[in-house]
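S.K.: The whole structure should be built from the sequences, with the hints applied where relevant.
Protein chains in written order, with our numbering: chain E, 1 to 280; chain S, 1 to 265.
Mixed in with the good hints there might be a few duds.
[What the hints assert, rightly or not] Short derived list, chain S residues pointing at chain E, Cβ under 10 Å:
1) Leu59
2) Thr63
3) Ala82
4) Gln86
5) Pro92
6) Tyr102
7) Gly103
8) Leu106
9) Arg119
10) Asn147
11) Leu160
The hints are simulated quantities; they were obtained by calculation from the structure and are not laboratory data. Cβ atoms here follow ideal geometry from the backbone N, Cα and C, with glycine treated the same way.
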Amino acid sequence: MLEEKALPAGGERLDAPVPRPRRGRLSPTVRARAIGTIAVTLFVVAWEGVVRLGQVNPLFTSSPTRIVATFIRMLHEGVLGKDIRVSGTEFLIGYGLAVVVGILLGVAMGWYRDVAAALQPFVSALYSTPRIALVPLFIIWLGIGIWSKVAVVFLVAVFQVLISTEAGVRAADESLIRTARSFGARDRQIFSTIVLPGAVPFLIAGLRLGLGQALVGIVVGELYAATAGIGYEIAVAGETFQTDRVFVGIVILASAAIVLMWALRQWELRFESWKPQRRA
Amino acid sequence: MGPKLEAINVTVRYENPRTGVTTLALDRCSVGVQSGEFLAIVGPSGCGKTTFLYCLDGLLPLTEGRILVDGRPVVSPGRDRAVVFQSPSLLPWRTVLRNVTYGLELQGTPLPEAIARARQMISLVGLDGFERYHPSELSGGMQQRVNLARALVMDAEVILLDEPFAALDAQTREFMQAELMRIWQETRRTAVFITHQINEAIYLADRVVVYSARPGRVKSIIPVGFPRPRELRVKRTPEFLALEDHIWGLIEEEVRTTLGSAAHA
Chain E
1 MLEEKALPAG GERLDAPVPR PRRGRLSPTV RARAIGTIAV TLFVVAWEGV VRLGQVNPLF
61 TSSPTRIVAT FIRMLHEGVL GKDIRVSGTE FLIGYGLAVV VGILLGVAMG WYRDVAAALQ
121 PFVSALYSTP RIALVPLFII WLGIGIWSKV AVVFLVAVFQ VLISTEAGVR AADESLIRTA
181 RSFGARDRQI FSTIVLPGAV PFLIAGLRLG LGQALVGIVV GELYAATAGI GYEIAVAGET
241 FQTDRVFVGI VILASAAIVL MWALRQWELR FESWKPQRRA
Chain S
1 MGPKLEAINV TVRYENPRTG VTTLALDRCS VGVQSGEFLA IVGPSGCGKT TFLYCLDGLL
61 PLTEGRILVD GRPVVSPGRD RAVVFQSPSL LPWRTVLRNV TYGLELQGTP LPEAIARARQ
121 MISLVGLDGF ERYHPSELSG GMQQRVNLAR ALVMDAEVIL LDEPFAALDA QTREFMQAEL
181 MRIWQETRRT AVFITHQINE AIYLADRVVV YSARPGRVKS IIPVGFPRPR ELRVKRTPEF
241 LALEDHIWGL IEEEVRTTLG SAAHA
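M.R.: Written out as structure tokens, the structure is:
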């Protein structure tokens, strides 16, 4: 630990260390996690309870056990595997393209003023349009297969990534650039050693915003017109009052979102080791 | 032998791009620094000291005049000079060690060699054991040591320091001055040190250049004769205080003139 090390002459003090939790008590993170788990468990039990006690009609509310049972049945039917595969493919291609294109254009717009001037009108116009409104166009152009959904996912996610990346590149620290120049750095070196690393936190924030949008894009696209996919399954089940199947779709989407967000957060932490710890 | 570093009639004029108003920041400043000499520049705030230092490094273009290192004109930053900036300006995502190697890496020094040299320099500035820390984990004084090490590791013949201790508290500042003295004694580079603190200038320098208020002109050059190595307590001797008083008198005149003209304007 820092404070145990002999400090150099000058009697300098490091920033005050965070007080450690007292012995016998849970650390704030563990405590928060425990409370969260208990709350979720109580919610699930209460949900199941009101249905079992006949307080509400499961036709409308379904129930945790019915959702699990339906999930297993759908797996055996073989529909679910196909749906997950289709939605997953749409997400991977659409979001992947959005990340690549968003980063490349964002970096170009942040670094070259002329590129920014040329693209800014398009970005502003498309970013302000509710892009979901373009879904019918994509169906006309690309049909009801996966490609119209890939296009929707791409278009809703790409701007979040692009705008965050551009902001990150723009936010490059002037004093660091001056330091690099005084060491005789060339533009290319300034870009790779100062501008890009400095933009990473912004970039990851953009990836997270884009991820949320991408999941919305899949569902809306599939609700509108599709032949398979989680969103399609939800739409069909909804129209035929199969509440259990609707909930299975919702749970799958929510789980996917949680896992993906968690993965991004882990990645963010690796890059963030140099930042002062944020205390929740 | 000519001076190591020479500024001849350095003039810098700024134009505010919005209003079109030009400001004269530096007016025909001429200073020569001998090899191995420690020169301090003091002056009222806003007198263009930092501008002058950036000119010496080649970071800012001169409107008129010339800057020579060993008789060769300076047009851009070069390997013969290194700057210690006022803010530590450390790369937050790099460790102490890799911050110190940063300048060497930019100049194409192979990484193993850069790391070996950086380790020596980190040790010289008293940061042994902190190689793997990130800047956010260090105090202001320690960050400034890293900043110093990063400039010193370049082995530049001339080292330019821009108020490096200005942001530190009074005690840390005193210790850092003594540390800088010790390090300079060991490495014996030619040094130009900008400050607004008169006793810091006298304590460190062989000669103190006093600048006038804006536009910056060389008002006076005062030799400091105290023998080296100097201890911090030299600051409490009557000779030191008399010199400090004399320089303060020169600067006070400047400040009064500026304040006076501002009051009449």
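S.K.: So, against the hints stated earlier in the document, which numbers end up violated here?
M.R.: 2 and 9
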